[in-house]
Amino acid sequence: GQNIDQPTEMTATEGAIVQINCTYQTSGFNGLFWYQQHAGEAPTFLSYNVLDGLEEKGRFSSFLSRSKGYSYLLLKELQMKDSASYLCAVTSLGSNYQLIWGAGTKLIIKP
Amino acid sequence: DSGVTQTPKHLITATGQRVTLRCSPRSGDLSVYWYQQSLDQGLQFLIQYYNGEERAKGNILERFSAQQFPDLHSELNLSSLELGDSALYFCASSVALTGASTDTQYFGPGTRLTVL
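From first to last, the protein sequence lines stand for chains A and B.
Heads up: the first sequence runs through residues 128 to 238, numbered per the numbering used here.
Heads up: the second sequence runs through residues 95 to 210, numbered per the numbering used here.
Pulled out of the complex, with its shape left as it was, chain B reads as follows (with noise of 0.2 Å):
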């Protein structure tokens, strides 16, 4: 067990449609990274939070948004769906963003979205 906890662990929706993901992250930590894999493809980085802040952004589309609340919890959402967007999304965390060693990236179980 990471320390990261996201919910929902499944997510069956229909294409058009609008759901959130969300993400807490393990204690102490103060950045939080969301990530798409589709089915054996690899880790697609989406963005990073830190401290509340959007830290960067990678590949989102811009039907994708996301955002870090004050208590460090996130939450992704996710519009307009296609069938496309089936996938697994993983949020991670680190305490800090430095690219040490301190910023190790402990991941969540993930969130299995179908999109029908």
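Here chain A stands alone, though its shape is the one from the complex (with noise of 0.2 Å):
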């Protein structure tokens, strides 16, 4: 079956870097979304990953390994509205191209 694993909750500091990784299991890997989404708002898109690498895009970057099925969201000079959850969602042929999340991880900058 398809299963994608990502921590329940991080904290960071202002300022500093995190790193929030996310794991899956899953046929035919079609590519990955990394999505941020704001208490009680809609989720945002921030990257795709199709093939291994790094994506970079401002202070965020994203990292795929599709040989180990894990992928991790970068952070940089993380500011207080970096706050929210980070969702991890992978397409493949063995979910009929559907998305499937992950729950999400909790972000929590502290001053």
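Worth flagging that the hints you see were computed from the coordinates, not collected in a lab.
Among the hints, a few may not be true.
[Stated by the list, open to error] Below, simulated DSBU-like cross-link-like pairs (lysine-lysine); rule was C-alpha separation at most 30 Å, straight line:
#1 Lys195(A) - Lys103(B)
#2 Lys208(A) - Lys237(A)
#3 Lys203(A) - Lys184(A)
#4 Lys233(A) - Lys103(B)
#5 Lys208(A) - Lys103(B)
#6 Lys233(A) - Lys184(A)
#7 Lys184(A) - Lys195(A)
#8 Lys233(A) - Lys195(A)
#9 Lys203(A) - Lys237(A)
From these two lone chains plus the hints, build me the complex, please.
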């Protein structure tokens, strides 16, 4: 079956760097998405990875290793507004291209 | 602003009642997805429509139904409401359904349903 694991909660300090991991098990991997969701608001798209390697977008970077079934989201120069949940989602042939969502990682930023 | 609109923003109703949530996708998007998110819970996929036809079903109760109209807007109907149906309901849209980057889902602001 399809499965996604993320840590439930992480805490980091303003100005620091944090890495949020996501591991997945799927057949026919076709891409991995990261979304940010502030409490009570809609998820917003952050990144999409389909090939191995690092994709950088400003303060946020996302990494993928298909052979390890592993991705991480790296947030640099943390700001208080980065306090949110970060959702990992995978699409695959095995899920008939439906997005399989992780439960999300709640990131708490402390001053 | 994602370009996806949802109405109403808030809905308060009583148990046993029926409500309809409405979603308009981004211009050009053919797929519409409905999700339920209860307090402090993850996103639960309910159903997807693609160009007017049901494409995939998730954990959608029989009391819930949806449709996508020729102009591509979609409605989610929730009937015989129970206290446990209180949640945020999100609609998302995407261009296609291939699972590629073109299938990035863009979410509307959600409808907060409270069942008393």
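Looking back at the hints listed earlier, which ones does the structure fail to meet?
Structure breaks hint 1 only.
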